[in-house]
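Once you've looked at the hints, dock chain B against the given chain A.
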Amino acid sequence: MLELYDGALHVSEILSRWYDEESESNYGAYIPFIGTVRSEDGIDGLSFDIYEPILQSWFDAWQLRAKEAGAVVKMAHSRGDVMLHESSYIAAIFSPKRRVALEMIETFVEDFKASAPIWKYDLKDSKRIYARERSTPIKGSGILGGKR
Amino acid sequence: MVKVEFLGPISREPMQIDAKTLEDVAKILSEDSQLKEWLESAAVAVNDTLVSSTDVVLKDGDRVSLLPPVCGG
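Protein chains in written order, with the numbering used here: chain A, 1 to 148; chain B, 1001 to 1073.
Hints are computed from structural coordinates only; laboratory data are not their basis.
One or more hints might be untrue.
Said to hold, decoys possible - In the DSSO-like style, the derived pairs of lysine-lysine whose C-alpha atoms are separated by at most 27 Å in a straight line are:
no. : chain 1 : residue 1 : chain 2 : residue 2
1   : B       : 1003      : B       : 1059
2   : A       : 97        : A       : 67
3   : B       : 1036      : A       : 113
4   : A       : 139       : B       : 1020
5   : B       : 1003      : B       : 1027
6   : A       : 139       : B       : 1059
7   : A       : 139       : A       : 67
8   : B       : 1003      : B       : 1020
9   : A       : 139       : B       : 1036
10  : A       : 139       : B       : 1003
11  : B       : 1036      : B       : 1059
12  : B       : 1003      : B       : 1036
13  : A       : 113       : A       : 97
14  : B       : 1036      : B       : 1020
15  : A       : 113       : A       : 124
16  : A       : 113       : A       : 139
17  : A       : 113       : A       : 127
18  : B       : 1020      : B       : 1059
19  : B       : 1036      : A       : 127
20  : A       : 113       : A       : 67
21  : B       : 1027      : A       : 139
Treat the numbers as computed from the prediction; the structure is a model and nothing was measured.
The shape of chain A in the complex, shown without the other chains (with noise of 0.2 Å):
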């Protein structure tokens, strides 16, 4: 399931329903990464941009993926401004044994980091700045500049 809010996530809501959509399906881990905005550089907070077809391909993808290894995958994500210490992001994998659910997290958040078309901004002096050192190019980035 992927969810998207305009602002902070709410994050014991997310976490116990989520807990509680899965507590009947018999899973014996429950993993959650929790992302939240940390003071650094002088930043009020961060602002996102989400460009929502692409992103919901790659997460179906992930949800086969996941459901070939007998888990489940949940994401939320915050659109728009999210201040210091507030969450704008959670992933978390359900599998019967805690090995799956302990590799395909990691797995699962680096590649949302590589791949996911979400675009990062800091808030910072009233303004609105990409954060261009921090991003990565999309695999198969620069086709049109000549990367053939």
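Chain B in isolation, oriented as in the chain A frame:
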């Protein structure tokens, strides 16, 4: 005509251009010096499917999207 969309920080209005292939799209967009720098780092989707080569034939009404480097989370 195909529609070209610029996502996230590229922050440009969509364009309608006359292009039969992605090579044509590359040629037309690289004439704009501000867009040219994005072409080096942007991924490309045709009708919301990412493509890995410019060897793609475009039809009238197709939508080409440029996705600059990402950073979710």
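Inset, instruction - Tell me, in ascending order, the numbers of any earlier hints that this structure violates. - result: none
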